[in-house]
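Build the full structure now, drawing on both the sequences and the hints.
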Amino acid sequence: MPADSPAQALLSLATIDYLIIGVYFAFVIVIGVLLRRRVHGASDFLESGRSLPSWICALGFIGANLGAQEVMGMAASGAKYGFATAHFYWLGAIPAMVFVGVFMMPFYYGSKARSVPEYLKLRFDDKTRTFNALSFAVMTVMSSGISLFALATLLETLVGWPFHLCILVSGAIVLVYITLGGLTSAIYNEVVQFFLIVFGFLPLVLLGLHQVGGWHGLTTRLAEVAQAHGFAAGALYETGRYMTNAKDNPMGVEWFGLAMGLGFVLSFGYWCTDFLVVQRAMAARDLTSARRTPLIAAVPKMVFPFLVILPGMIALALSAMPDSGLIFPIRNGEADYNQVVPLMLDHFLPSGMLGLGLTALMASFMSGMAGNVTAFNTVWTYDLYQGYIKRDGTDAHYLMVGRWTTVFGILLSMGAAYIASSFNNIMDMLQLVFAFVNAPLFATFLLGMFWKRTTGHGAFIGLLAGTLGAAIHHGLTMPAGATSAFKGGWLGTIVHTYPSDMAQNFYAAIVAWTSCFVVTIVVSLLTAKHKTDAELEGLVYGIGKPEPARGPAWLAPGLLGSLILVAVLILNILFW
Amino acid sequence: MNLDIRLPLGILFLIIGGLLAAYGAIHDPLTHHGQHPVVNIDLWWGLAMAVFGLANCALAWRARGKGDPPAP
Numbered sequence: 000m001p002a003d004s005p006a007q008a009l010l011s012l013a014t015i016d017y018l019i020i021g022v023y024f025a026f027v028i029v030i031g032v033l034l035r036r037r038v039h040g041a042s043d044f045l046e047s048g049r050s051l052p053s054w055i056c057a058l059g060f061i062g063a064n065l066g067a068q069e070v071m072g073m074a075a076s077g078a079k080y081g082f083a084t085a086h087f088y089w090l091g092a093i094p095a096m097v098f099v100g101v102f103m104m105p106f107y108y109g110s111k112a113r114s115v116p117e118y119l120k121l122r123f124d125d126k127t128r129t130f131n132a133l134s135f136a137v138m139t140v141m142s143s144g145i146s147l148f149a150l151a152t153l154l155e156t157l158v159g160w161p162f163h164l165c166i167l168v169s170g171a172i173v174l175v176y177i178t179l180g181g182l183t184s185a186i187y188n189e190v191v192q193f194f195l196i197v198f199g200f201l202p203l204v205l206l207g208l209h210q211v212g213g214w215h216g217l218t219t220r221l222a223e224v225a226q227a228h229g230f231a232a233g234a235l236y237e238t239g240r241y242m243t244n245a246k247d248n249p250m251g252v253e254w255f256g257l258a259m260g261l262g263f264v265l266s267f268g269y270w271c272t273d274f275l276v277v278q279r280a281m282a283a284r285d286l287t288s289a290r291r292t293p294l295i296a297a298v299p300k301m302v303f304p305f306l307v308i309l310p311g312m313i314a315l316a317l318s319a320m321p322d323s324g325l326i327f328p329i330r331n332g333e334a335d336y337n338q339v340v341p342l343m344l345d346h347f348l349p350s351g352m353l354g355l356g357l358t359a360l361m362a363s364f365m366s367g368m369a370g371n372v373t374a375f376n377t378v379w380t381y382d383l384y385q386g387y388i389k390r391d392g393t394d395a396h397y398l399m400v401g402r403w404t405t406v407f408g409i410l411l412s413m414g415a416a417y418i419a420s421s422f423n424n425i426m427d428m429l430q431l432v433f434a435f436v437n438a439p440l441f442a443t444f445l446l447g448m449f450w451k452r453t454t455g456h457g458a459f460i461g462l463l464a465g466t467l468g469a470a471i472h473h474g475l476t477m478p479a480g481a482t483s484a485f486k487g488g489w490l491g492t493i494v495h496t497y498p499s500d501m502a503q504n505f506y507a508a509i510v511a512w513t514s515c516f517v518v519t520i521v522v523s524l525l526t527a528k529h530k531t532d533a534e535l536e537g538l539v540y541g542i543g544k545p546e547p548a549r550g551p552a553w554l555a556p557g558l559l560g561s562l563i564l565v566a567v568l569i570l571n572i573l574f575w
Numbered sequence: 000m001n002l003d004i005r006l007p008l009g010i011l012f013l014i015i016g017g018l019l020a021a022y023g024a025i026h027d028p029l030t031h032h033g034q035h036p037v038v039n040i041d042l043w044w045g046l047a048m049a050v051f052g053l054a055n056c057a058l059a060w061r062a063r064g065k066g067d068p069p070a071p
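Taken in order, these protein sequences are the chains called D and V.
The first sequence begins at 0 in numbering that gives the first Met the number 0 and counts up by one.
The second sequence begins at 0 in numbering that gives the first Met the number 0 and counts up by one.
Just so you know, the hints here were simulated from the structure itself, not pulled from any lab data.
For glycine and all other residues, C-beta sits at the position ideal for the given N, C-alpha and C.
Be careful, since some hints might not be right.
Label-pair distances were calculated between CB atoms; the ranges are [to be verified]:
(1) V:H32 to D:V494: 47 to 57 Å
(2) D:V168 to V:L53: 27 to 37 Å
(3) V:A57 to D:R390: 46 to 56 Å
(4) V:H31 to D:H209: 10 to 20 Å
(5) D:V517 to V:A54: 51 to 61 Å
(6) D:W450 to V:H31: 57 to 67 Å
In structure tokens:
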């Protein structure tokens, strides 16, 4: 919970700033009202009627993920770990997005499942679906609550607005536009938010680079900072050269942990199985558009490190220049890197632009919340309510349930925001939950989609084993310098200490994935195959005839995916 | 479902861009530390946003009434 009497607000807003923020708020409500007339049934509300073109879904696909936590977190990581943070994109997100578009989307979209848990029901059985639906529902409510909490805290610190009022107003605005327009409304706002983030943050990068003396000035300053901390000169601006040994880079990881933990398990686990992002592609109007969605999204995503990581590196460089006027606040004896974005807004933007920057941040927090709420709606209505409570309701009934679930989901998120405010370690906990839930799930999907022998019992016990594996790993290890039980070591014996939280997260994901992968194979081989090939058609690779891609040959998913991989390889080499 | 997202997107950017540019044209922008940005960022960035908004409106207007609309 924030302090009862907040310290002096960091930024003071002028009338023009309030005007810009007000225009944006009015706009999201109007969008909801306009889309309200176009929602005729549950499918329109919960799946956008599977009618959207791929470029809109693609921007929604990135927008749903580009919450303010990512914007602020990536800038903080840029200041703390340097440009190696770009591996989250160039080694992690982009290859995973190509994989989901080229290989996995035909099964998600082609199976006619309305959600990721529903795919699990078609491919395996009810228990696997319910396990995923429940864990996903809890995760979305927590994520959405944390978005709300982070937004309210930020606004209280930056502009001195009351915490409770921020929670109420932001929750109410999201409630109005989703209840009216459903998933389409959420995706439209994600598209708008995407452009707001680009227009709100690009000036920070350009003005920052100008002050620090361009790319050359930036690397010169960062070399000084790196050497002062005992690293090689390039450790903060070269992405791959210092990854041979964990001691040589500020992130404290080496190639295996990075490639396997971040590149393979965590990124593929998130982008390929998290319904929040997959739902955006499933709203597309046909299979080819659905497959192109993550591929089109990968193109702007590739250059995002320059928009979200660079501000952190610039702030670090400026803080090392005595006459720059930019100083990091100190918290617990260390520089507080979480303040990068507010500091940069304050340092570079005059009134007017400041309103735009704040609007972009608010838009990304709110659409991060809306993305979670719409995914929660679909999973609750289709996988839990229709699956267990009322199987044979009318379409109008499920539309009503979807709308009420929005109200319920937002109220839960507000509750989660207050719970989050009473834990100072909630963000770490959420990261851990992702490693526990998404990492094993990726093994289940990989086996389920590409090995027809995988059985329902194998998938379910494998998932449990993966989650248990992650828990045991967490109980036996700690990141260096940590003391809280949230950080690990709660089983009494500590068998390994990692150089950083991030290294511990990567290895937790590796353990979870491997446990699930091995146990699923073993249990599947020991249990009887319960579905015939005919029942698995359209759900498993190699069974049935794939639908040919539509549209021009140069936009074929395979070719597009290959071109994106070549481009990302070039980026990796350039900044190696 | 026939609301081309480019139209509301364009209108929003046109309004915000217009407000920024007008504000920049009247006031000399100053950061909160009393420094002048290297250019009149409000004016020029506002104009850039307005042009982006206008382009979106134009694209939406051009696509009006086509059989296969680019948006729902």
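| query | Which numbered hints are broken by the structure, listed smallest first? | reply | Violated hints: none; all satisfied.
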